[in-house]
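Here the protein sequences line up with chains A and B, keeping their order.
Counted the way the numbering used here counts, the first sequence spans residues 55 to 169.
Counted the way the numbering used here counts, the second sequence spans residues 1118 to 1231.
Hints listed in this document are in silico derivations from the structure and should not be mistaken for laboratory results.
The C-beta atom is built at its ideal place from N, Cα and C for all residues, glycine as well.
Some hints could be false.
In the DSBU-like style, the derived pairs of lysine-lysine whose C-alpha atoms are separated by at most 30 Å in a straight line are [as the list claims (entries may be wrong)]:
no., chain 1, residue 1, chain 2, residue 2
1, A, Lys55, B, Lys1185
2, A, Lys96, B, Lys1135
3, B, Lys1144, B, Lys1200
4, B, Lys1144, A, Lys55
5, A, Lys122, B, Lys1144
6, B, Lys1135, A, Lys122
7, B, Lys1126, B, Lys1144
8, A, Lys122, B, Lys1200
9, B, Lys1137, A, Lys122
10, B, Lys1144, B, Lys1185
11, A, Lys122, B, Lys1185
12, A, Lys96, B, Lys1161
13, B, Lys1179, A, Lys122
14, B, Lys1144, A, Lys96
15, A, Lys122, B, Lys1126
16, A, Lys122, B, Lys1161
17, B, Lys1126, B, Lys1161
To list a few chain A residues with every Cβ distance to chain B over 10 Å, as calculated [stated by the list, open to error]:
no., residue
18, Pro62
19, Lys96
20, Arg109
21, Ala133
22, Gly137
23, Gln166
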Amino acid sequence: KQEVTQIPAALSVPEGENLVLNCSFTDSAIYNLQWFRQDPGKGLTSLLLIQSSQREQTSGRLNASLDKSSGRSTLYIAASQPGDSATYLCAVSPTATGTASKLTFGTGTRLQVTL
Amino acid sequence: GEEVAQTPKHLVRGEGQKAKLYCAPIKGHSYVFWYQQVLKNEFKFLISFQNENVFDETGMPKERFSAKCLPNSPCSLEIQATKLEDSAVYFCASSQFLPTDTQYFGPGTRLTVL
């Protein structure tokens, strides 16, 4: 059974700092990995999707890397801003065999960026 | 539409009552997913559809939960005889061509069972 863990569970940084969020998964047979953010009381916003054949994806100040063999992904946020404060979740999609389609979510990292 | 829409935003039911939640996926998306968020970050997959057909129902509690996606209607998730432990936020998501494409999530429906 796939298990996804995120470290740290919570993080507080001053504005302007660069930071790294970690995601690890136990079963390396994944199809892709997605990073989401969730604002309090809101749904999930997709940030980046990395296919299992890719090593990284970039969008603006965000860079996500994937090392399938070691079961790890990192989300790098450059020059953090107060608006980045949210809970960040990673989720893996299983190898696309049969009818498997469900995302398995990590435990989340709650990020606070202070002024 | 360009966003996944979910109604209602909040739903309160007494234990044993029925609850019905609705989801309109992004126009043109073929796949719809339902997830249950019980604790703050604990997401549980329930069921997925490819158009009107059930694609993956491995997460669905069969006894009281049912779901449908009919043509030209919002998808629905129905819980018969709700229990206290059904209290959660239920999220709907859709993806465009493949179940492994980016999943776009709706704002969720918060179900409270008293």
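Results for each hint:
1. A C-alpha spacing of about 27 Å is found between Lys55 (chain A) and Lys1185 (chain B), which places the hinted pair at or below 30 Å, so the restraint holds.
2. Distance restraint check for Lys96 (chain A) and Lys1135 (chain B): the Cα-Cα separation of roughly 24 Å lies within the 30 Å cut-off, and the hinted pair is therefore satisfied.
3. Proposed proximity of Lys1144 (chain B) and Lys1200 (chain B) is contradicted: the alpha carbons are some 33 Å apart, above 30 Å.
4. Taken as a hint, the Lys1144 (chain B) and Lys55 (chain A) pair is broken in the structure, with Cα atoms around 33 Å apart against an allowance of 30 Å.
5. Simply put, Lys122 (chain A) and Lys1144 (chain B) have alpha-carbon atoms about 33 Å apart, too far for the 30 Å limit, and the pair is violated.
6. A C-alpha spacing of about 43 Å is found between Lys1135 (chain B) and Lys122 (chain A), which places the hinted pair above 30 Å, so the restraint is violated.
7. In summary, the hint linking Lys1126 (chain B) to Lys1144 (chain B) is supported, as the alpha carbons are separated by about 20 Å, within the 30 Å threshold.
8. Simply put, Lys122 (chain A) and Lys1200 (chain B) have alpha-carbon atoms about 40 Å apart, too far for the 30 Å limit, and the pair is violated.
9. As the CA atoms of Lys1137 (chain B) and Lys122 (chain A) are separated by approximately 39 Å, the hinted pair breaks the 30 Å bound.
10. A threshold of 30 Å between alpha carbons decides the hint, and for Lys1144 (chain B) with Lys1185 (chain B) the separation of about 17 Å falls inside it, so the pair holds.
11. For a cut-off of 30 Å, the pair hint linking Lys122 (chain A) to Lys1185 (chain B) is broken: about 35 Å separates their Cα positions.
12. At roughly 17 Å between alpha-carbon atoms, Lys96 (chain A) and Lys1161 (chain B) fall within 30 Å of each other, so this suggested pair holds.
13. Between Lys1179 (chain B) and Lys122 (chain A), the direct Cα distance comes to roughly 34 Å. Violation of the 30 Å bound is thereby established for this hinted pair.
14. In summary, the hint linking Lys1144 (chain B) to Lys96 (chain A) is supported, as the alpha carbons are separated by about 21 Å, within the 30 Å threshold.
15. For the hint linking Lys122 (chain A) to Lys1126 (chain B), the alpha-carbon distance of about 38 Å lies beyond 30 Å, and the restraint is violated.
16. A C-alpha spacing of about 23 Å is found between Lys122 (chain A) and Lys1161 (chain B), which places the hinted pair at or below 30 Å, so the restraint holds.
17. A C-alpha spacing of about 19 Å is found between Lys1126 (chain B) and Lys1161 (chain B), which places the hinted pair at or below 30 Å, so the restraint holds.
18. With a closest Cβ-Cβ approach of about 13 Å to chain B, Pro62 (chain A) is found to remain outside the 10 Å limit, as its non-interface label requires.
19. For Lys96 (chain A), the non-interface assignment is contradicted: its Cβ lies about 6 Å from the closest Cβ of chain B, within the 10 Å cut-off.
20. Every C-beta of chain B lies more than 10 Å from that of Arg109 (chain A), the closest at about 18 Å, which supports listing it as non-interface.
21. Annotated as non-interface, Ala133 (chain A) keeps its C-beta farther than 10 Å from every C-beta of chain B; the closest such distance is 25 Å.
22. Every Cβ of chain B is farther than 10 Å from the Cβ of Gly137 (chain A); the closest lies at roughly 19 Å, confirming the non-interface assignment.
23. With a least CB separation of 15 Å from chain B, Gln166 (chain A) remains clear of the 10 Å interface cut-off, as annotated.
Checked against the numbered hints listed earlier, the structure breaks hints 3, 4, 5, 6, 8, 9, 11, 13, 15 and 19; every other hint is satisfied.
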